[in-house]
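Q: Sequence:
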Amino acid sequence: MQQPDKPYRPTRPKDTTVPDRRMKRSDNLIFLLCLIIAAFFWLLIKLSGTYTVSYNFKIKYTNVPAEKRLTKIIDTTLNISFTARGYDILKLNITESMDEMTIDLKDYEIKKSKDDTYFIHTGLIREELASYININESDVLLSKNALHFVLSGLHVKDIKVKTREDILFKDPYGLYEQERVEPAKVSVYGPSSVLDTMHYVYTEVISLTSVDKDQIIKARLYNPLPELINIEPDEVLVKLRVERFTESFVETEIDVSDIPKKIRTFPSTVRINFKVAQKDFSNIKAGQFRVVPETDNINLNEVKRLHLRLAEKPDFIRDEWIVPADVEFLIIKK
Numbered sequence: 025m026q027q028p029d030k031p032y033r034p035t036r037p038k039d040t041t042v043p044d045r046r047m048k049r050s051d052n053l054i055f056l057l058c059l060i061i062a063a064f065f066w067l068l069i070k071l072s073g074t075y076t077v078s079y080n081f082k083i084k085y086t087n088v089p090a091e092k093r094l095t096k097i098i099d100t101t102l103n104i105s106f107t108a109r110g111y112d113i114l115k116l117n118i119t120e121s122m123d124e125m126t127i128d129l130k131d132y133e134i135k136k137s138k139d140d141t142y143f144i145h146t147g148l149i150r151e152e153l154a155s156y157i158n159i160n161e162s163d164v165l166l167s168k169n170a171l172h173f174v175l176s177g178l179h180v181k182d183i184k185v186k187t188r189e190d191i192l193f194k195d196p197y198g199l200y201e202q203e204r205v206e207p208a209k210v211s212v213y214g215p216s217s218v219l220d221t222m223h224y225v226y227t228e229v230i231s232l233t234s235v236d237k238d239q240i241i242k243a244r245l246y247n248p249l250p251e252l253i254n255i256e257p258d259e260v261l262v263k264l265r266v267e268r269f270t271e272s273f274v275e276t277e278i279d280v281s282d283i284p285k286k287i288r289t290f291p292s293t294v295r296i297n298f299k300v301a302q303k304d305f306s307n308i309k310a311g312q313f314r315v316v317p318e319t320d321n322i323n324l325n326e327v328k329r330l331h332l333r334l335a336e337k338p339d340f341i342r343d344e345w346i347v348p349a350d351v352e353f354l355i356i357k358k
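The sequence shown runs 25 to 358 under the numbering used here.
Heads up, some of the hints might be wrong.
Listed below are the simulated DSSO-like cross-link pairs for lysine-lysine, each with C-alpha atoms no more than 27 Å apart in a straight line [stated by the list, open to error]:
1) Lys237 x Lys303
2) Lys96 x Lys82
3) Lys194 x Lys337
4) Lys263 x Lys184
5) Lys209 x Lys186
6) Lys130 x Lys242
7) Lys96 x Lys138
8) Lys181 x Lys130
9) Lys337 x Lys285
10) Lys186 x Lys92
11) Lys135 x Lys82
12) Lys263 x Lys337
13) Lys168 x Lys92
14) Lys136 x Lys84
15) Lys285 x Lys357
16) Lys209 x Lys181
17) Lys209 x Lys237
18) Lys96 x Lys136
19) Lys186 x Lys237
20) Lys84 x Lys96
Computed spacing ranges between beta-carbons, pair by pair [said to hold, decoys possible]:
21) Lys237 x Asp343: 17 to 23 Å
22) Asp343 x Arg314: 15 to 21 Å
23) Arg109 x Asp258: 40 to 46 Å
24) Tyr197 x His172: 53 to 59 Å
25) Ser72 x Asp139: 50 to 56 Å
26) Asn160 x Ser72: 17 to 23 Å
27) Pro89 x Ser306: 52 to 58 Å
28) Asp139 x Tyr224: 32 to 38 Å
29) Pro348 x Glu91: 58 to 64 Å
Calculated directly from the structure, the hints in this document are not laboratory data.
Glycine included, each C-beta is placed from N, C-alpha and C at the ideal position.
Kindly produce the complete structure, drawing on both the sequences and the hints.
A: As structure tokens, this is what we get:
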């Protein structure tokens, strides 16, 4: 049996919009990549070329001799021209300041021109620059063969160093003896009017915690007037001797032999508490201590009690106190 004809349905054309867009994006990426590669090779070619450049530097100085004060820079700028590869010029611009040149005077021989005017030759600058960018010294041209400046002479005074400390010891440790400072004195350069007012040079604050052993500390010195004075050297070694301490005591009689009137104290003996380094503990003897009543400017007839004072003691004890600190007394009439 013959089937009826199906209704005609026209075929819709395939949508090619999305593939066309993808192809365009791919073409754009390829073009951009090629452009980047071309630019990279162009940059390599340019950097491999040789160029002559010129820079004008502002001059600054460091490490001026301690006995001098830099009061004037005569040659304030230095122009440098050189021929080098693009790679080396780029490296120099990235790693160094091309506006300012800091010259360390301790690396140069300072020569006197006249009066207080001094100068340094610029040959070392040429040598260091040529070495840094791998070129011949003859390719470096400097606008000046020497740089001039004024150094004024200063007065000098040797001044004792004192430490400033914020030290916490681990219990039961402590400082065994006074700290040692090396050098004990330093040279201070400056105007005489300033030096006359200075009696000590102090360290920066030394801060330590939980100290339980000897210490050797490098401490910088505090300069209160850096614009006027120089300190040489500007740092010292501070040596701390640390020992383990223990508490102890001795009992001794109160010595009243120096009192004009004969008196008897109640009690007649006292206890002296103190701290001592364990290494010195066996050296403690009661005879090393002398306790006396304080009677200066006191009328014995008008008081009932006297305060006690430790007149003699071993040098190696610390934090001592007397128990009792005051005693009653009786004047014995002859």
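Q: Run every hint past the structure and note whether it holds.
A: Cross-check of the supplied hints:
Straight-line distance between C-alpha atoms of Lys237 and Lys303 comes to about 14 Å, which keeps the hinted pair within the 27 Å bound. Between Lys96 and Lys82, the direct Cα distance comes to roughly 14 Å. Compliance with the 27 Å bound is thereby established for this hinted pair. At most 27 Å may separate the alpha-carbon atoms for a hinted pair to count; Lys194 and Lys337 meet this at roughly 26 Å. This hinted pair checks out: Lys263 and Lys184 have alpha carbons roughly 16 Å apart, not beyond 27 Å.
For the given pair, Lys209 sits about 9 Å from Lys186 by alpha-carbon distance, which is consistent with the 27 Å threshold. For the given pair, Lys130 sits about 22 Å from Lys242 by alpha-carbon distance, which is consistent with the 27 Å threshold. For the given pair, Lys96 sits about 14 Å from Lys138 by alpha-carbon distance, which is consistent with the 27 Å threshold. Straight-line distance between C-alpha atoms of Lys181 and Lys130 comes to about 22 Å, which keeps the hinted pair within the 27 Å bound.
A threshold of 27 Å between alpha carbons decides the hint, and for Lys337 with Lys285 the separation of about 25 Å falls inside it, so the pair holds. With a CA separation close to 25 Å, the supplied pair Lys186 and Lys92 stays within the 27 Å bound. About 21 Å separates the Cα atoms of Lys135 and Lys82, which keeps this hinted pair within 27 Å; it holds. For the proposed pair Lys263 and Lys337, the alpha carbon gap of about 26 Å is at most 27 Å, so the pair holds.
Among the hinted pairs, Lys168 with Lys92 is consistent with the structure: their alpha-carbon atoms are about 24 Å apart, no more than 27 Å. For a cut-off of 27 Å, the pair hint linking Lys136 to Lys84 stands: about 19 Å separates their Cα positions. Proposed proximity of Lys285 and Lys357 is supported: the alpha carbons are some 9 Å apart, at most 27 Å. Annotation: proposed proximity of Lys209 to Lys181 holds, straight-line Cα distance about 10 Å (limit 27 Å).
Taking the CA atoms of Lys209 and Lys237, the gap is near 26 Å; set against the 27 Å cutoff, the hint holds. Between Lys96 and Lys136, the direct Cα distance comes to roughly 14 Å. Compliance with the 27 Å bound is thereby established for this hinted pair. Between Lys186 and Lys237 the CA atoms are separated by roughly 22 Å; this keeps the pair inside 27 Å, and the hint holds. Restraint check: the Cα-Cα separation between Lys84 and Lys96 comes to about 11 Å, which is no more than 27 Å; the hinted pair holds.
Separated by about 21 Å at the C-beta atoms, Lys237 and Asp343 satisfy the suggested range of 17 to 23 Å. In this structure, Asp343 and Arg314 meet the distance hint of 15 to 21 Å, their C-beta atoms being roughly 18 Å apart. At about 42 Å, the CB distance of Arg109 to Asp258 agrees with the hint of 40 to 46 Å. About 57 Å separates the C-beta atoms of Tyr197 and His172, a value consistent with the hinted range of 53 to 59 Å.
A hinted range of 50 to 56 Å for the beta carbons of Ser72 and Asp139 is consistent with their spacing of about 51 Å. The hinted range of 17 to 23 Å is satisfied by Asn160 and Ser72, whose Cβ atoms lie roughly 18 Å apart. A beta carbon spacing of about 54 Å between Pro89 and Ser306 agrees with the range 52 to 58 Å that was offered as a hint. About 34 Å separates the C-beta atoms of Asp139 and Tyr224, a value consistent with the hinted range of 32 to 38 Å.
Checked against the hint of 58 to 64 Å, the pair Pro348 and Glu91 passes, with Cβ atoms roughly 60 Å apart.
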